[in-house]
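Asker: First residue of the sequence shown: 1, per the numbering used here; consecutive thereafter.
Hints in this document: simulated from the structure, not taken from any laboratory. Treat the numbers as computed from the prediction; the structure is a model and nothing was measured. Careful: at least some of the hints might be erroneous.
Claimed, not checked - Derived DEER-like restraints, expressed as beta-carbon distance ranges:
(1) 145 with 47: 19 to 27 Å
(2) 144 with 89: 35 to 43 Å
(3) 55 with 151: 37 to 45 Å
(4) 90 with 132: 14 to 22 Å
(5) 36 with 131: 35 to 43 Å
(6) 107 with 84: 45 to 53 Å
(7) 69 with 166: 40 to 48 Å
To be verified - Taking lysine-lysine pairs in the DSSO-like style, the calculated list, with each CA pair at most 30 Å apart, reads:
(8) 152 with 108
(9) 152 with 64
(10) 150 with 108
(11) 64 with 108
Built from N, CA and C at the ideal position, the CB exists for glycine as well.
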Amino acid sequence: MQELSHRVKNSLAVVSAIASSTIRPHVEKSRYENFQQRLTALAQVQSLLIQTNWEGIDILDLVKNVATSPFKSGDERIHFQGPPLRLPAALTLPFALSIHELCTNASKYGSLSSDAGRVTVDWGFEIDDGTERFVLRWIERDGPPVSEPKQKGFGSRMIRSAFAQSVGGDAEWHYRTQGVECEIRIPATALAPSGSATSSPHAEVR
Numbered sequence: 001m002q003e004l005s006h007r008v009k010n011s012l013a014v015v016s017a018i019a020s021s022t023i024r025p026h027v028e029k030s031r032y033e034n035f036q037q038r039l040t041a042l043a044q045v046q047s048l049l050i051q052t053n054w055e056g057i058d059i060l061d062l063v064k065n066v067a068t069s070p071f072k073s074g075d076e077r078i079h080f081q082g083p084p085l086r087l088p089a090a091l092t093l094p095f096a097l098s099i100h101e102l103c104t105n106a107s108k109y110g111s112l113s114s115d116a117g118r119v120t121v122d123w124g125f126e127i128d129d130g131t132e133r134f135v136l137r138w139i140e141r142d143g144p145p146v147s148e149p150k151q152k153g154f155g156s157r158m159i160r161s162a163f164a165q166s167v168g169g170d171a172e173w174h175y176r177t178q179g180v181e182c183e184i185r186i187p188a189t190a191l192a193p194s195g196s197a198t199s200s201p202h203a204e205v206r
């Protein structure tokens, strides 16, 4: 298992080196940095999956220590709330990259771009038209005024396609006066056999 971990890390290091030599001179600095951050998130997810023998990752560990950690400051402006839940391996990367993209946008244009801004990430289970769904919400508050973009960016397209193609899920954005909100919904059956987490208490974890 340790050998596999080294091989994965080495492969991603090679990708990073190739990108640095071939892409970096031809793109804006911010775009190249975004690419490197996505690659880092990918490497961290792969490392955690190898440690758990590809049996999944605890959702709090994923969103707190992988997806959002590059954007957090000492005052803990990103708060997490939801029941204990282990995401299956197939869903760890879509969720990690989705939260990472939301953090990137918030740090550039949303609540994390201002000193007073804050974000809440919560998750749980809901019944929708007789079907149980797992719902994760990204909620921004106290940031600068926001408006719906005229064109969908890479992040929103990636998030929608990742869940639609893998588990028949969807994602919606709401551009409210208080801040941007994103809601990701997937069938609860996609989390099997972790469905027992639906009975867990919905307690805030920071």
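Asker: Report the numbers of all earlier hints that the structure fails to satisfy, in ascending order.
Answerer: 1, 6 and 7
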